[in-house]
Amino acid sequence: MTADTIRLQGLRAFGYHGVLEEEKLRGQEFLIDVEAALDTQSAAQGDDLARTVDYGALATAIVQQVGAQRFDLIETLGEHLAALVLENPLVSAVTVTVHKPSAPIDVPFADVSVTIRRDRAHPPVSVPVRRESVLVDESSVAIPPPPAPEPPLVPPVLPVGAALPPVPPAPHSPQAGDLPSAPRREPVRALLALGANLGDPVDVLRQAVRELATTEGIAVTAVGPLARTAPVGGPADQPDYFNTVVSIITTHAPHELLAITQGIEADYGRVREVRWGPRTLDIDLITYGDIVMYDDTLELPHPRAHERSFVLLPWVHIEPDAYLHGLGGGPVDVLARNAPDRDGIRTLSLDWFATDTLPSPEHVLGTLQQGRS
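For the sequence shown, our numbering begins at 581 and goes up steadily by one.
It cannot be assumed that every hint is accurate.
[Claimed, not checked] Here are the in silico distance ranges between beta carbons for each label pair:
| id | residue 1 | residue 2 | range |
| --- | --- | --- | --- |
| 1 | Pro920 | Asp783 | 28 to 38 Å |
| 2 | Glu766 | Ala701 | 41 to 51 Å |
| 3 | Pro688 | Leu629 | 36 to 46 Å |
| 4 | Arg587 | Asp870 | 37 to 47 Å |
| 5 | Thr695 | Asp780 | 53 to 63 Å |
| 6 | Asp876 | Ser940 | 32 to 42 Å |
| 7 | Tyr635 | Ala802 | 31 to 41 Å |
| 8 | Arg587 | Arg769 | 22 to 32 Å |
| 9 | Glu601 | Ala802 | 32 to 42 Å |
| 10 | His702 | Leu600 | 24 to 34 Å |
| 11 | Gln625 | Asp901 | 35 to 45 Å |
No lab work stands behind these hints: they were computed from the structure. Don't be surprised by glycine CBs; every beta carbon is placed ideally from N, CA and C.
Working from the sequences, and respecting the hints, build out all of it.
So, in structure tokens, the structure goes:
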């Protein structure tokens with residue numbers, strides 16, 4: 581009997597595969613198509629997921645492996661993904677296509693791809709991998725279990741017309757020039773979440789936003805309202821947390837952006853010693869375009885963003901139609917209404933930050949576009 585087919589097309593994943601050092605350093609987006617051949621009659625007869633391929637778990641496993649492994653050739657990546665799919669004994673054959681739309685080719689092109697076809701009679705060859713591959717069963721997908729929600733970070737409601745404290749000079753943070761040089765990318769929209777609960781947290785958050793806005797390769801396009809929440813977990817007697825979100829457009833790769841934000845945290849004395857402990861400044865990368873990626877240092881979208889009202893509520897204020905991709909995602913307004921900590925927000929200040937004090941996003945975006953020409 582002819583085998584049935586389960587097909588996944590256009591899986592978007594960020595990875596570091598390529599011969600050039602720039603590709604290994606900055607990474608790029610890959611698109612993956614998978615066709616798994618199997619007999620689905622038994623699953624249909626019993627309406628039983630256990631008798632077929634869980635394509636949701638398979639998609640997650642594929643995206644995770646694209647980010648976790650490091651290969652010079654997309655042929656090797658395709659071979660590895662074919663082996664991953666065939667780990668499910670129900671699958672008799674697999675076809676994997678790896679697209680590399682941003683490959684370093686010096687002439688105009690639409691796409692470059694490789695297609696791998698493997699079956700039980702012609703299994704994939706063994707390739708060197710960084711760690712054990714994940715099985716397609718959802719319980720074995722190697723995604724770290726989400727820890728308990730971190731304490732929300734949110735700002736105090738300031739009286740209308742209240743004088744703002746003077747802003748100290750900004751400490752130095754890594755600029756694009758501090759990172760290894762590489763050609764500029766197409767600008768990508770990203771979302772950052774900022775929080776603090778030590779010192780003068782509101783002033784620290786104001787200064788951090790200004791520092792982001794004056795970092796080369798970053799244009800701040802919107803600043804969310806400031807949320808104030810009681811601490812959850814961690815040491816007792818912590819001060820309340822103040823949180824906001826910042827929408828940006830950037831030419832930095834995800835790990836470059838992560839390095840910049842961690843540098844700003846370090847400038848303000850952030851030390852990662854106590855889980856959910858007090859912090860002078862915390863900056864999380866929530867989304868980077870609609871990229872879904874997992875590796876040893878970064879997971880996108882942020883794995884707990886969907887359950888943090890102090891991220892979701894400020895976000896929906898600046899992007900009412902925002903959508904969170906990835907596991908647990910969905911329309912941000914719906915996620916905000918159903919977040920488990922939604923009752924923990926004490927106040928929400930809409931006018932805590934004067935956005936007209938920032939560099940014009942239009943001017944910065946023009947500079948970013950010129951830098952690419």
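Checked hints:
Between proline 920 and aspartate 783 the beta carbon distance is about 30 Å. The supplied range of 28 to 38 Å therefore holds. Glutamate 766 and alanine 701 have their C-beta atoms about 43 Å apart, which keeps the hinted 41 to 51 Å range intact. Judged by the Cβ atoms, the range 36 to 46 Å given for proline 688 and leucine 629 holds: they are separated by roughly 44 Å. Between arginine 587 and aspartate 870 the beta carbons are some 21 Å apart, a value that contradicts the proposed interval 37 to 47 Å.
A hinted range of 53 to 63 Å holds for the C-beta pair threonine 695 and aspartate 780, which are about 57 Å apart. At about 37 Å, the beta-carbon gap between aspartate 876 and serine 940 stays in the expected band of 32 to 42 Å. The hinted window of 31 to 41 Å between tyrosine 635 and alanine 802 holds, with their beta carbons roughly 35 Å apart. Range check, arginine 587 to arginine 769: Cβ separation about 29 Å, and the 22 to 32 Å hint holds.
Remark: the range hint 32 to 42 Å for glutamate 601 to alanine 802 is upheld by a beta-carbon distance near 35 Å. Under the hint 24 to 34 Å, the C-beta atoms of histidine 702 and leucine 600, about 31 Å apart, fit the expected range. For glutamine 625 paired with aspartate 901, a C-beta distance near 42 Å keeps the hint of 35 to 45 Å intact.
Against the hints set out earlier in the document, a violation occurs for number 4 only.
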